[in-house]
Structure formats: C-alpha cells, structure tokens
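Novice: The primary structure of each chain is shown beneath.
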Amino acid sequence: VSGYTSVTGDERREMLASIGVSSVEELFDVPADVRLDRPLDLPDGLTEAEVYERMRSLAARNADAESEVCFLGAGMYDHYAPAIVDAIISRSEFLTPYTPYQPEISQGGLQAMFEFQTAMTELTGLPLSSAGLYEGPSTVAAAGYLAIGATKRRRFVVSAGLHPHSRETLRAYSEGYPASVEEVRMAGGVTDLEALADAVDDETAAVIVQYPSFLGGVEDLERIAAIAHGAGALLVASCDPIALGILRTPGDCGVDIAVGEGQPLGNRLDYGGPSFGFFCATEEQIRRMPGRIAGETVDVDGRRGFVLALQTREQHIRREKATHNICTAQALNALGGMIYLSWLGRQGLVELGELLVRRTDYARRRLAAVEGVEALHDDPVVREFAVTFAAPVGEVLDYCADHGVAAGVPLGPEYGNGLLVAITEQRTIEQIDRLATLLGEAVHKAGAGRRQKAGSAA
Amino acid sequence: MSTAAPNPPGSAVAETPMQRDRAVTIYERSVSGRRAAAIPASGVPDGDRPISELIPEHLLRCEPARLPEVSEPEIVRHYNRLSRRNFDLDSGIYPLGSCTMKHNPRLNERVAALPGHARLHPAQDPQRAQGALELMWSLERSLSEICGLPHVSLQPSAGSHGELAGLLLTRAFHAADGETERRTRVLTPDTAHGTNPASVTMAGYEVVKVATDQRGGVDLDDLRAKTDDRVACLMLTNPNTLGLFDTNIAEITGIVRDAGGTLYYDGANLNAIMGHSRPGDMGFDIVHVNLHKSFSQPHGGGGPGAGPIAVSDRIAPYLPVPRIERVDGNNGSRPQFELRGAEAHPDSIGRLRGFQGNFGVFVRSYAYILSLGGDGLTEASETAVLNANYLLARMREGRAGRYLKPAFDRRPMHEFVLSGSGAKKELGVKTLDIAKRLLDHNMHPPTVYFPLLVDEALMIEPTETEARESLDRFADAIESILAEAEDDPEIARRAPYTTPVRRLDEAAAARTPIVRQEF
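For the protein sequence lines, the chains are L and G, in the order given.
The numbering used here applies: residue 1 is where the first sequence begins, and numbers increase by one.
The numbering used here applies: residue 1001 is where the second sequence begins, and numbers increase by one.
FYI, nobody ran anything at the bench for these hints, they're computed from the structure.
Ideal placement from N, C-alpha and C gives every residue a C-beta, glycine not left out.
None of the hints are false.
Over 10 Å on every C-beta distance to chain L, these chain G residues come out as not near it, computed from the model:
no.: 1; residue: A1176
no.: 2; residue: R1224
no.: 3; residue: A1316
no.: 4; residue: R1323
no.: 5; residue: D1328
no.: 6; residue: N1331
no.: 7; residue: G1332
no.: 8; residue: P1335
no.: 9; residue: H1345
no.: 10; residue: P1406
no.: 11; residue: K1424
no.: 12; residue: D1455
no.: 13; residue: P1489
In the DSSO-like style, the derived pairs of lysine-lysine whose C-alpha atoms are separated by at most 30 Å in a straight line are:
no.: 14; chain 1: G; residue 1: K1430; chain 2: L; residue 2: K321
no.: 15; chain 1: G; residue 1: K1424; chain 2: G; residue 2: K1209
no.: 16; chain 1: G; residue 1: K1425; chain 2: G; residue 2: K1405
no.: 17; chain 1: G; residue 1: K1424; chain 2: G; residue 2: K1405
no.: 18; chain 1: G; residue 1: K1209; chain 2: G; residue 2: K1430
no.: 19; chain 1: L; residue 1: K152; chain 2: G; residue 2: K1209
no.: 20; chain 1: L; residue 1: K321; chain 2: L; residue 2: K152
no.: 21; chain 1: L; residue 1: K321; chain 2: G; residue 2: K1226
no.: 22; chain 1: G; residue 1: K1430; chain 2: G; residue 2: K1405
no.: 23; chain 1: L; residue 1: K321; chain 2: G; residue 2: K1209
no.: 24; chain 1: G; residue 1: K1209; chain 2: G; residue 2: K1405
no.: 25; chain 1: G; residue 1: K1226; chain 2: G; residue 2: K1209
Turn these sequences into a full structure, and let the hints guide you.
Specialist: This is how it looks when you write it as structure tokens:
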C-alpha cells in the first residue's frame, strides 16, 4: 500500500472480479495510439522523511524574512501573523472541503464568508463585497471587466502609480475583453491630476488608481472621483487593506469599485501566493459582481443560515453569460484574513496604521538624511516610500544583503531607478537605523569605487 | 450491511443540539473594549506626532472600521464552533464528480510552512531565492512529462485562470498569422464545465457548442460541420465530464488542427490518466492542470488552487512572463535559475497576476509528486479508475440499479454519471432529494444536475484514496435511501434532518440579498 491509497492486492483482485474484468488495464478504454507505452520519466517515490529533507534543503537556499531583515514590499508585506491564523485554517473542517455547494453542511465556511464580506465593506466603505478572488492584480482586471459591462465603453485610463503587475495584468486581459489601456504619469508620489483630466474622455469605462500609490503616496481619491464621474467613467481603486484602517474610505471618496491584494491581512508571504484578492463595489453593481457571495437566509424551520447568494451571476449556472469565469478562488486565505482582522479588532487596526505612519515617516526622514540619498517624493505616505541615490541600485542591494538586510524593491527606470522601502510593525527603529547606516556605506562605497575607476581611467 | 437511517421525517423530529445552537456572527459577539492583538509603541526617537500632521486631515478616515472587538479565546471558540458546522474530506467520503476530492497529505502542509517557503518575499532577488526557483522549475518539468507537452507556465491561479490563459495564448497565436478578425469562435462540447464558456466570453470569443454522440463522446459529424476557418480553438476534457474517454480523440484533434485551430485540454479530469495517456500525445496544444485536484492541494472550502498550463512548441513563444530559465553552471557548479520577463520573451501575452503564482500550492504539489514518483502517480490513476468502476458495479445492483441508471452504458474511467430520472418518475424522489438525504448519512453527495445533458444527473468520483469499505458504505446508503423512498418518499423530500441547518431558502437570498452584517 503506497501513494495514499488503501486498496491491497487482495482487495484489488476482489474488486476486479465484482466489476467483471481480470485486470485494471481492461478498465482503460484508451486507444493504443494515444496510450503512453512507457513508464513516466519521473524519479521513484520517496518516503515521507526523504521528501521532507529534500524540501527542507530547497527551502534552506532561500533568504527569507526570518533569516534577514526584510524591507521588501510592493504589494506584499512582512507583517506578523498571529498563531491563531494557522491554528484555525489548519483545521480539517476549513482546510479540506470543496466550495460550499451543499449549504446545509457548509455553514461554517459560508458564515465565515459573510463575516469576511462585512469586514471588507467596513474597510472600503462600499456596501458590497465578494467572498474573495485570486489576488491583487487580477482583481484590477476583474474591475475593468465589470466597468465595461456597466458603461458599455472599452477604454481604461490607469495611473502610473498603479502597481506595474496590475497594469501588465490589465493589459493582458484587455487583449481579450477587448479594451484599450492608456497610462497617465505621476507627479511626485501620486497621479498627475491635470494629465488625468486630459486623458479621461467619454469613451472611458474606468479610471484606475492605487491607494496608496505604488510609490507609497496617498492619492486624493475625491478629486480623482470628480474627474472620472465628470466623464461618466467608473473609478476603481486598488487598495492596501491595512492602510484602509486609517485612510479615508474609498466609498466615502466616491470610488465605485475597490479591489486589492489581501496578503497583508494575516497571510503568508509564500513567495507571492496563495493569498486572496478582495472586490467591493457600490450597490448598483450587485448583479455584475464577480465571484462568490455568501448571503443570509433561513431554513425550513426558520433557523438562521447562510447560502451562496446570487449564483445566477456565476459560471456554473450562467455559463457564457457569467459575470466572470472564476470558480476555485482563495476561500481559505480569505478566512485567514478574517481571523487576522478579528485579532486586530476595531482599535488594533487603527493603532497598527498609526504605528506604520509614524515609523515610515521616521524611516523616510532618516534615510533622506543620509549623504547621497534622497526621498523620491514628499507626498504623505502610510507604510512605504521611495528613495534614490547616486549609485547603482544593484550594488547597493548586494551590499545590504551581504549584511543581512533586504533593503527594498528596486524601482525600474520608469520611476527613476530608486528603491521602494516598506515598513511593517516588525521593523524596529534599530533596524531602520541600521538600514540607514548600510545605505550610507553602500552609496559611499559605490561612489568611491567609481571615483577610483574614473581616476585610473584618467 | 445497511446504514441506519437517522431520524424520521416531519415535525416530530427533535432539534439536534447543534441546530438549537443558532448562528451568531463574530460581530454579534463583539464587546466594546475587548481585544486580542497588542500593538507595540512606535518607538520613534523624536516622539509621536499627531497623525494629522503626517497625513492631511481630509485624507484620513472619520470613524474606525467596525471590526469585531473580541479576545483571543473568543476568536478561537467562535471559529472552532464554525468549523464544526462544516463537513469535510477528513470526516468521510466526498465523491464530488470532477472535483477530485482526494486525501490531502499533511506532509505537504508541513513543508509549505517551512520559513524558507512561507516567509520568502516574492520580490526577493532571484539569486537569493534559488531554492524556490529550482522547486518551480522541477515542478514545471514534472508537469511537462505528465502532460506530454514541452513548456510549462505555473502562473495561473486556478483552472479557470488557466483556461483564460490558454485562450489569450490562442489569440496571440492567431494574431501572429494575421487571423484575429477571422477566427472568432471557440468550440466547446455541450458537456463542458461552466468555466469553459465563461472563459471564452472573457477572452472575447464566441461559444459554439458541439453535440455529444450516442456513446457519450464528441459527435464527429457535428464537429466537422462546425469546424472551419472561423474556429480559433476547441476546448475539451478527456475523459469528459461523463467520465468517458473519447476514443476518437486523435481524429477530433486532427480535424481542428487541420482547420488551423488550437487544441485546449481542460485538465480537470487528469486524475484518470496520469502515466497512461498524455494530452500532448492526443494532439493538444495547451493543457491546464488543477493542482488542487490531481495533485492534492487541499480545496480550502473554495481555494486556494493553482492552474499551471503546459503547451506545445507552437504556443510557447506567447507564454506568460516571468518564465523560469535554468542556466547550467560551468565546471560542475550548481545550475542557476533565473526569472525572465518580456525583454527576453517579446511575444509573451504578459502577466495574468502578480509575482510568480501560488507558490505555496507549488510546494505542496511538488511534495506530492516526489512522494508518489512516476509509478505512484500511474498507480493513483489506476486505483481511481478501479474505485470508480467498483462503485459503479455496486450501483448496478439492487435498487440503485433499478432507479439510477448510468447515463451511458460504457465503461467509465475515474468518475461516472447516473441519471435519477427513474427515481423521480417511479418514486417521486429527485436527485436533489437523494443528495440531501445523503447528508443525514454523514456523506457528501455527488455533483448533482451536471452535466446538463443528463436528466437528474448524479456525477460520482470517489478518487483513489477511498478504501473499499468506504465505497461499500456509500452504495449501502444509496440503497437504504431508495428503499426508504419506496415506503415514504416524503422522507427524502424533506431531508436533511440532522445537519446544523435544514434546507435553506435560496430563493429568498436571491430576491432580497443580505450580504453583510447590519450594524
């Protein structure tokens, strides 16, 4: 018995006899021309201990946020996830069921979705939430799809402050929708509003921005909403859910659709996934929402219960007329997010947000005070900011990495070759000071190297 | 052996303790001032300034989000209580057709939780994430061998995401030949999963349905009639959603290929054929693999999953970026693994999501492949097919044999479809009633009312990880439900009785949706 099966040789023979065949081969009604006539060219199976050791040795070759000090962000952040998240989502009852198509035996999962939807509507200030989509950038593409359906227009105007992955994903999806995508430049850390007003026209389905922007700047969503709505376009904001704990809500600012990456809410970094995406919208979009939505109802005896609501939007009922093709989403990750939000609670989320604002402000001032280092913009920030320096970014990152610090995410030429630095509550003042010291040394060293090279060339 | 039928029907049924314990949300447990998390002080050396000095007032929230105020013990009790209101795979048979509810090895959870995986930041310098990239590369190679197609992208997040990727690849492939305007149609059989047509629409194509023939396969005449130079792609599963292997597969793929279309294989049913037949060898160009089905990623109550795609040479230039490349080292040094973007792959369709995909799922599925090896995977498919055929043999006996006939009288592979039309006509008990009565037997029902072309369909996929006695218990439960229905069909019609709640009013939830807590 191996490979997680239970059928013994004797049982196999008896089962074949009940079926009325003499071998398993006879059960495979597969023509010879498409039969694989050799064993799979894969290694033999390993014991559990051997697999563990192989995986451990692979994992050991990654520099993770436990083995170095992590200032990396750009959408996913090294927050502390409390032990209860893992403890609860590891329970078989949450880990192993399928999508709750049989509501009578799925009340736990359905109620958790309902609670999650409530939390996301509270964070975004919008009345509707789906039970979760895949992850951040694909929720931006999903918002674009909804906007096409709602406005019957096929043009997106996106800020350069939208994460490059979100813009690339939107472009890839838009080949199919089809739709065109136009980009608007930034002014400092936020969208250039004059350029935005020029770009938006009566063909525009949606204006799409990020809140805070990719460079960390807090957008003035109310002014952007006025520009979008003035042209009859929807406003989509891709939001950092932690920042929403202290920033004015998208709903309050007139945003029509708020989406985003849910990883910061108690989910692992996991080298990029799985996490979850969230999708919230105004009431009028209820029949156009993508993905599953749990709703409250009663059973035949009048007991309170939960079901998948509005399923006629979905692919398994509506097929080619569905509002989206999504089926398997990220329910377990959304549950992890809900547990995390319960753990933080009403006050904790505010306190965390304020902590981030203060430490990030300190870090930006501290780094900008280092000789040769400048802040890329001075717009207000919550937990992330960008710096530039007169040294090759790669060399600076290598120097810091050699000293046990992942200093930040390198920004491409589009943003002036800087460094995006993220702060979480796990980054102490001492670690921030150490980053400043290392950056100073690295910039100085690179500068000295170049001076030396220039000297020897002359 | 017969399974005891729990509880008689009707108003005489006493509430179970769990039913008496009515649903309470975490918001309703909230008590002002309670909390779980302790947030540290900022520690900023020059002191805390008011937040409004750092972010202008008009950009700040007016009121805190109304999150619950609960202590840690209350959170744990609340979600523990919710968990007991779920049925799960570790509690009993879960024969949902096309969902492949196989055992979820706990080793996979352990290795996914290693800090080198779980706390690896996705923007980490690839030179400092070599273990992760090697793992992904190795998984790509394994899936390539299993699918019989040379190139793999792990990026799509689920099967439907893989489908969309495949259709965008198809679009890019035809665009390269200047055929975008002409090729506007995608053929899907009428037995297809709902995601197929939904993906077709999102990719800007028109769905054209192909009929099913008497044997449960693609109707070749209908396929020929609908295949012309307007066809961009054919999407197919094989074995199909009836659990039947289409023996005309080479001819089917040949017809569409000759007309210039691409061939897309929906890998939802790959668990039937691993090590026995490969989509690439059948003539397909693009395959998605549901790692949460065949490769044991837990379903999580609706995700996470992952839907990697394997493709042929002619599709490879368009694969999503970033792609992983292995660069062999000099003089026996370790090979290096790199992430290459659009600059190295200018014809790529681009990105379909952030970062590198659902890496945690890759870890689990790669651990699964290492555990089983090539032989183990081949045997897994054999046992999946054996279990399905054994259960079908049991369902041909007794009352099931009389009231629940196979939709097609052919040998199935890993799943089979019965029609409940006999039970409906003769007993007045619908497929839905049988499904709901199974809940009282502490069993998950099969997939019901799918595929659509089978009246009162029950689609049953036991998977290889069920033991024989578990299959027997399922067959016994069906027998007892049908026997009971001969006496009194009301019992099934009003089931379930023992679940945390009984039949729910789904129509009300659609008419006046309550989709968030009212405060």
